[in-house]
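Residue numbers (our numbering), protein chains in the order written: chain Y, 4 to 288; chain U, 4 to 288.
Think of the hints as simulated: they come from the structure by calculation, not from any bench. Just to be clear, a hint being listed does not mean it is correct.
Which copy is meant is left open, because identical chains are indistinguishable; a pair holds if it fits in one copy or across any two.
[To be verified] List of simulated lysine-lysine pairs, PhoX-like, C-alpha gap at most 25 Å:
no., residue 1, residue 2
1, K262, K185
2, K185, K218
3, K218, K169
4, K50, K262
5, K240, K218
6, K278, K218
7, K270, K240
8, K163, K6
9, K239, K262
10, K117, K158
11, K240, K262
Number of protein chains: 2
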Amino acid sequence: MFKKITIIGVGLIGGSIGLAIRKRKLAREVVGVFRHAQTAKRALRCKAVDKATMDMKEGVEGADLIIIASPVHSIPGLARYAIRFADKGAIITDAGSTKSWIVSDIDKAIGRSKAVSFVGSHPMAGSEHTGVEFARPDLLEGSPCIVTKTSRTNKAALAKVAKFWKSLGARVEIMDPAEHDKSVALISHLPHIVAFSLAGCVPEGAMRYAAEGFKDTTRVASSDADLWADIFFSNKKEVLRSARIFSDFYWRLVSMLSKGDSRGVRKCLRAIKAKRDRSVNGPKR
Amino acid sequence: MFKKITIIGVGLIGGSIGLAIRKRKLAREVVGVFRHAQTAKRALRCKAVDKATMDMKEGVEGADLIIIASPVHSIPGLARYAIRFADKGAIITDAGSTKSWIVSDIDKAIGRSKAVSFVGSHPMAGSEHTGVEFARPDLLEGSPCIVTKTSRTNKAALAKVAKFWKSLGARVEIMDPAEHDKSVALISHLPHIVAFSLAGCVPEGAMRYAAEGFKDTTRVASSDADLWADIFFSNKKEVLRSARIFSDFYWRLVSMLSKGDSRGVRKCLRAIKAKRDRSVNGPKR
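Just chain Y, same shape as in the assembly:
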């Protein structure tokens, strides 16, 4: 499918993408671009890439697909850097958790040039762990992957990027970056804020009584703090909007409890369970 795929940022996500490409033989060569020799060594040891380089020019030249899988705040900068060395016709995509500002910034960098195309992506997989050591070739299998489309998106590149993620086993959805940021604020960024707050408000002494419920509900609060701070700030408007939606719902439920409205609480909890069972635990995923 591809001659050379270059992955910039080979951590949990980038590494899993590399492993999946290599396993499924979707490219003749998978090259990783690194900032630190130590990370390059680890990625080679995990067989996440065929070749590692610290040189952007060397990494990007000859690549027909360039995937930027670094922390969100660094994506536009790395894209601008990669564009300078990218072959004519190369497609650039990313794996960032927020899309509006990444897509508009990179679209601006490309400008009217038709030399390279950019298509924003957000493979929605991962865990609370970071680092290539946790990468798995099946990480994306069955996971949602949102691919963005704007008035500037090259259609052929969009189709190719969508097909690429599908071939890694992801369930691809195409949408507008703003729509992405709104949905993902609710379904991904908000759960992180909530989990961090829950783990934050419980005194450490009480945590010795933590059973599976607490552990699961707060699992993502063991995620990398700076990575998530960046994500929250990069999608601040929608995160704040989601935060208010959650708080309103929460206080409606807590108020019913406070007023002793047993019927109201039961009706509310039953509806939530039914909705979650249908959507998340449903048979067809």
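With chain Y fixed as given, assemble chain U onto it according to the hints.
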């Protein structure tokens, strides 16, 4: 260890206790007391009990340990009923998620009589599932189990109940019922309120993009709605107190985000992650 252990209410928890007792041969006989013939059949099919009965008298007579593992609201009533038929010297315990009102009600029912002893217990295990089909003999292994002690608690009975839970693999902690309700409101009831609210506030349409983070954070929102409504109401004061603690923390974090206080957010998230990693993910559990 015991001649006959009677379990009143053989669902996920009661069934797991039955399986564990039988596996570890802690009693010559495990008898289940049921309200419905259908549930009795299912428990026998799962081998959670040796014998099933719909008759409280038959179930309780001759038992040296009686465990009430039914939904919280029914525990005091079933205890009062069981006491009428219990042998002299029998120990009664329960598996309810709330302790103050259960313990004080049953202590009152026993009164000054020394015929039977009651010791409140809360094995903190379970899942979002209900029913004996999900019972597992290892459900309690490594889980916290709180055993309550009041001025009325018979010391020998307390020691025996604590030893019993330990022999099922649980990590036993002895505390005052009020202290239990306060800690458990934070570590167990609050996560359920939060998870229900999170699953409640996200539109069903957005749930198709749910990745592992959302699934884990809301897993317990697929728990039985009425069972949890009962638990919340039975520990209402402490649940409301915990709800305010969470909301205060949540809004402190969201406000920092809103003000663009990057240093504050980072510092806060890092501290939370470190605390959770130490306490929940720590090597020594």
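Hint check results:
In this assembly of identical chains, the alpha carbons of K262 and K185 lie at most 25 Å apart only when taken from different copies (20 Å versus 33 Å within one copy). Taking the closest pair of Cα atoms, K185 and K218 come within 25 Å of each other only across two copies (18 Å); inside a single copy the shortest separation is 27 Å, beyond that limit. When the C-alpha separation of K218 and K169 is checked against a cutoff of 25 Å, the pair qualifies only between copies, where the shortest distance is 22 Å, while the shortest distance within a copy is 32 Å. In this assembly of identical chains, K50 and K262 lie within 25 Å of each other by CA distance neither inside one copy nor across copies; the values are 58 Å within and 43 Å between.
Proximity of K240 to K218 under the C-alpha cut-off of 25 Å is restricted to the inter-copy arrangement: shortest distance 24 Å between copies versus 29 Å within a copy. Both within a single protomer and between protomers do K278 and K218 lie at most 25 Å apart by alpha-carbon distance, with minima of 22 Å and 13 Å respectively. Taking the shortest Cα distances, K270 and K240 sit within 25 Å of each other only across copies (21 Å), while inside one copy they are farther apart (32 Å). In this homomeric assembly, K163 and K6 come within 25 Å of each other (Cα to Cα) only inside a single copy, at 14 Å, whereas the closest approach across copies is 70 Å.
Taking the shortest Cα distances, K239 and K262 sit within 25 Å of each other only across copies (10 Å), while inside one copy they are farther apart (34 Å). Proximity of K117 to K158 under the C-alpha cut-off of 25 Å is restricted to the intra-copy arrangement: shortest distance 12 Å within a copy versus 82 Å between copies. In this homomeric assembly, K240 and K262 come within 25 Å of each other (Cα to Cα) only across copies, at 11 Å, whereas the closest approach inside a single copy is 33 Å.
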